[in-house]
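Undergrad: Here the protein sequences come in this chain order: A and B.
Sequential numbering of the first sequence, starting at 1, is according to the working numbering.
Sequential numbering of the second sequence, starting at 1, is according to the working numbering.
FYI, nobody ran anything at the bench for these hints, they're computed from the structure.
Beta carbons are placed, not taken as given, at the ideal position from N, Cα and C, and that holds for glycine.
Treat the hints with care, since some could be wrong.
Claimed, not checked - Simulated pairs of lysine to aspartate or glutamate, DMTMM-like, Cα-Cα distance not exceeding 20 Å:
#1 A:97 - A:74
#2 A:140 - B:16
#3 A:140 - B:76
#4 A:97 - A:45
#5 A:97 - B:62
#6 A:97 - A:190
#7 A:140 - B:49
As the list claims (entries may be wrong) - Partial list, computed: chain B residues near chain A (C-beta under 8 Å):
#8 10
#9 11
#10 12
#11 35
#12 36
#13 37
#14 38
#15 43
#16 59
#17 78
This is what each chain is made of:
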Amino acid sequence: MQCGGTSTALARRRARPVGRAVLLRCGAVETDVELLGRLRGGDEEAFVALVTRYQGSLLRVARSIVPTSAVAEEVVQDTWMGVVRGIDSFEGRSSLKTWLFRILVNRARSAGARERPTAPLDPGGPSVDPARFDGGGAWKEPVAPWTDDTDARLDAATLGPVLRAALDELPDRQRQVVTLRDVEGLSSEDACAVLGISAGNQRILLHRGRARLRTVLEPRLGRP
Amino acid sequence: MPRLLRRDLVCQQAVELVTAYLEGALSRRQRRRFEAHLRGCPNCSAYLEQIRVTIALVGRVEPEDLDPEARRDLTDLYRRWRGGSAGGDTHGAGDGGNGGNEP
Chain A
1 MQCGGTSTAL
11 ARRRARPVGR
21 AVLLRCGAVE
31 TDVELLGRLR
41 GGDEEAFVAL
51 VTRYQGSLLR
61 VARSIVPTSA
71 VAEEVVQDTW
81 MGVVRGIDSF
91 EGRSSLKTWL
101 FRILVNRARS
111 AGARERPTAP
121 LDPGGPSVDP
131 ARFDGGGAWK
141 EPVAPWTDDT
151 DARLDAATLG
161 PVLRAALDEL
171 PDRQRQVVTL
181 RDVEGLSSED
191 ACAVLGISAG
201 NQRILLHRGR
211 ARLRTVLEPR
221 LGRP
Chain B
1 MPRLLRRDLV
11 CQQAVELVTA
21 YLEGALSRRQ
31 RRRFEAHLRG
41 CPNCSAYLEQ
51 IRVTIALVGR
61 VEPEDLDPEA
71 RRDLTDLYRR
81 WRGGSAGGDT
91 HGAGDGGNGG
101 NEP
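Taking the hints into account, I'd like the entire structure generated from these sequences.
TA: Rendered as structure tokens:
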């Protein structure tokens with residue numbers, strides 16, 4: 001049995017009762033639902049598999065809310081405890097990931113958010129530097145299409161850290177929305193539910209966050 | 001340069017509609033105006049494409065790998081949580097109940 005990246009179709013299918021060693025090597029073979037089922041039965045391997053699958057995402061989202069990595073780790077640990085205790089309250093109406101994020105965000109907020117709770121949602125203003133436009137609102141300089149060999153340029157060693165740093169510097173709410181939507185791939189409905197914000201606010205925050213990240217990438221991907 | 005009609009968007013307005021456009025949140029009329037602007041404006045078309053590339057690149061930011069030590073710590077904790085409950089009953093493991101789990 002192949003365990004490489006080409007076996008995704010296989011991975012998406014329900015796992016048949018193949019040998020345990022195979023399951024461990026090909027973690028993706030088991031769906032979330034299957035792992036949850038085993039976790040309900042107190043299966044430690046299922047717990048480890050879920051932790052392996054979601055720890056990175058949980059830490060990243062936690063870090064987008066709380067001020068330090070240490071607090072983020074505590075919050076994530078607390079989240080896993082909540083998962084083990086509350087597993088029977090998961091009804092499968094949302095994806096497991098969204099459910100995990102909801103538990104996480106609640107705990108992260110009570111653990112101490114970066115921001116003051118009364119911080120304004122957004123300062124407003126344009127998402128693109130007004131100096132880029134002339135008096136009639138047209139671009140002063142042509143906007144250069146980005147090189148299409150971004151694959152070559154996005155080796156993890158270069159753009160990865162740049163984007164991580166840029167994300168970290170976004171205003172809190174923008175960072176949270178961009179992390180959930182564009183890094184973790186949640187739908188707008190799920191992101192709104194996880195963060196408890198309106199669709200309109202979510203869109204504004206996403207808009208500003210993406211525009212800011214584009215600005216950071218521009219000098220690296222624009223034509224030389 | 002053709003005369004600007006009142007209903008025409010200028011670039012500075014168009015760029016503020018990009019996310020709503022990508023989210024499918026523009027009204028039909030707004031979408032038509034936006035797309036009409038794009039057809040005549042290579043700059044805003046390039047801008048929209050750059051935003052698309054940005055989204056794709058952000059989506060490839062990998063989470064940092066879970067270090068083996070953190071995994072061991074969590075596994076130990078799991079054993080303790082399990083150990084604290086009688087007869088392997090996972091949801092009886094503590095005094096917190098399930099109350100805090102759903103928002």
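Undergrad: Could you run down the list of hints and mark each one as holding or not?
TA: We went through each hint and held it up to the structure:
| no. | hint | in the structure |
| --- | --- | --- |
| 1 | A:97 - A:74 | 19 Å, holds |
| 2 | A:140 - B:16 | 17 Å, holds |
| 3 | A:140 - B:76 | 60 Å, violated |
| 4 | A:97 - A:45 | 19 Å, holds |
| 5 | A:97 - B:62 | 16 Å, holds |
| 6 | A:97 - A:190 | 10 Å, holds |
| 7 | A:140 - B:49 | 18 Å, holds |
| 8 | 10 | 3 Å, holds |
| 9 | 11 | 5 Å, holds |
| 10 | 12 | 4 Å, holds |
| 11 | 35 | 17 Å, violated |
| 12 | 36 | 15 Å, violated |
| 13 | 37 | 11 Å, violated |
| 14 | 38 | 12 Å, violated |
| 15 | 43 | 4 Å, holds |
| 16 | 59 | 6 Å, holds |
| 17 | 78 | 5 Å, holds |
The structure shown violates the earlier hints numbered 3, 11, 12, 13, 14.
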